[in-house]
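Residue strings, one per chain:
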Amino acid sequence: GAGVSQSPSNKVTEKGKDVELRCDPISGHTALYWYRQSLGQGLEFLIYFQGNSAPDKSGLPSDRFSAERTGGSVSTLTIQRTQQEDSAVYLCASSLGTGGEQYFGPGTRLTVT
Amino acid sequence: QKEVEQNSGPLSVPEGAIASLNCTYSDRGSQSFFWYRQYSGKSPELIMSIYSNGDKEDGRFTAQLNKASQYVSLLIRDSQPSDSATYLCAVAWRGAAGNKLTFGGGTRVLVKP
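First to last, the protein sequences are chains A and B. Okay, so the first sequence: first residue is 1 according to our numbering, each after it adds one. Okay, so the second sequence: first residue is 114 according to our numbering, each after it adds one.
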């Protein structure tokens, strides 16, 4: 079956611009996660959605970052007023439910110039 | 601060040998443990999950968990050049809503023909 999909695969933006990254989870997966992987750095948790519950935003690095999940499926991660330190690969993962195995999408490589 | 530690490597093994990767974690309350493989420029791919003490085998991979020692390992038998990648250990914390993962920094494995 189809895996997690993300778009765009690459995004180059100028400092100060806003960007939107999209994630389409595996069909039937109720949990959706966003992570960030910076060059030479490990994977960093950003935000988590489970069903209709309030999201866990504890990993968001600043208030410039926000995310929403519409209809319990597709999610959008928005970064406002991008900074060079936001350059990273943004990864989305989904799981069947809480405690389940997480499967990653191909990621969006964001470059802020 | 919950931490997951891995030796960064590179771990160099000859083709056909056993590669042994280790991971330690800081929180005794951790319940779920995962190994991901990440090829350069690609997203993490789940290869093993383990939830209880002991060994779990899947093909050429064996995961070993020792909760008392807060230690999880991955063995790759009959290593192949295609196993050359970075292996990420991930831990889910008890009580963490939605099983968000904390990742180790990864161990780079090089399998030499």
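I should point out that these hints are in silico values taken from the structure, not numbers from a laboratory. Honestly, I wouldn't trust all of these hints.
[Unchecked claim] Coverage of chain B stretches by chain A, computed from C-beta distances (three or more under 8 Å per stretch; other residues unrestricted):
#1 148-158
#2 166-174
[Unchecked claim] In silico SDA-like cross-links for lysine to any residue, where the CA-CA straight-line distance does not exceed 20 Å:
#3 B:Lys115 <-> A:Leu60
#4 B:Lys115 <-> A:Pro8
#5 B:Lys115 <-> A:Val74
#6 A:Lys11 <-> B:Arg141
#7 B:Lys180 <-> B:Lys155
#8 B:Lys155 <-> A:Glu101
#9 B:Lys155 <-> A:Ile26
#10 B:Lys155 <-> A:Gln41
#11 B:Lys155 <-> A:Arg81
#12 B:Lys115 <-> A:Ile26
#13 B:Lys155 <-> A:Pro8
#14 B:Lys115 <-> A:Asp24
#15 B:Lys155 <-> A:Gly72
#16 B:Lys155 <-> A:Pro61
#17 B:Lys155 <-> A:Asp63
#18 B:Lys180 <-> B:Arg141
#19 B:Lys155 <-> A:Pro55
#20 B:Lys155 <-> A:Gln37
None of the values given here were measured: they were computed from a predicted structure. C-beta atoms are modelled at their ideal positions from N, C-alpha and C, and glycine is treated no differently.
Query - Verdict on chain A covering the region 148-158 of chain B, where coverage means 3 or more residues with a C-beta closer than 8 Å - result: holds (count 5)
Query raised in the report: Are the Cα positions of B:Lys115 and A:Asp24 separated by 20 Å at most?
Result: 29 Å, violated
**Report entry** Straight-line alpha-carbon gap B:Lys155 to A:Glu101, limit 20 Å
**Finding:** Holds, at roughly 19 Å.
Report task. For the pair we were handed, A:Lys11 and B:Arg141, check the Cα-Cα distance against 20 Å. Result -> Not OK: A:Lys11 and B:Arg141 at ~40 Å, beyond 20 Å, violated.
Report task. Could you grab the alpha-carbon distance between B:Lys155 and A:Gly72 and see if it respects the 20 Å cut-off? Result -> 26 Å, violated
**Report entry** Pair hint outcome, B:Lys155 versus A:Pro55 [Cα-Cα no greater than 20 Å]
**Finding:** 27 Å, violated
Query raised in the report: CA of B:Lys155 to CA of A:Pro8, is that 20 Å or under?
Result: 15 Å, holds
**Report entry** Holds or violated: B:Lys180 to B:Arg141, with C-alpha atoms at most 20 Å apart
**Finding:** 7 Å, holds
Query raised in the report: Between B:Lys115 and A:Ile26, does the CA-CA distance stay at or below 20 Å?
Result: Distance ~29 Å between B:Lys115 and A:Ile26 Cα, so the pair is violated.
**Report entry** Restraint check for B:Lys115 with A:Leu60, where alpha carbons must lie at most 20 Å apart
**Finding:** Holds, at about 17 Å.
Query raised in the report: Are 3 or more residues of the region 166-174 of chain B near chain A, judged by a Cβ distance of less than 8 Å?
Result: Per the Cβ count (0), the hint is violated.
**Report entry** Proposed proximity, A:Gln37 with B:Lys155 (alpha carbon, max 20 Å)
**Finding:** 11 Å, holds
The structure shown violates the earlier hints numbered 2, 4, 5, 6, 7, 11, 12, 14, 15, 16, 17, 19.
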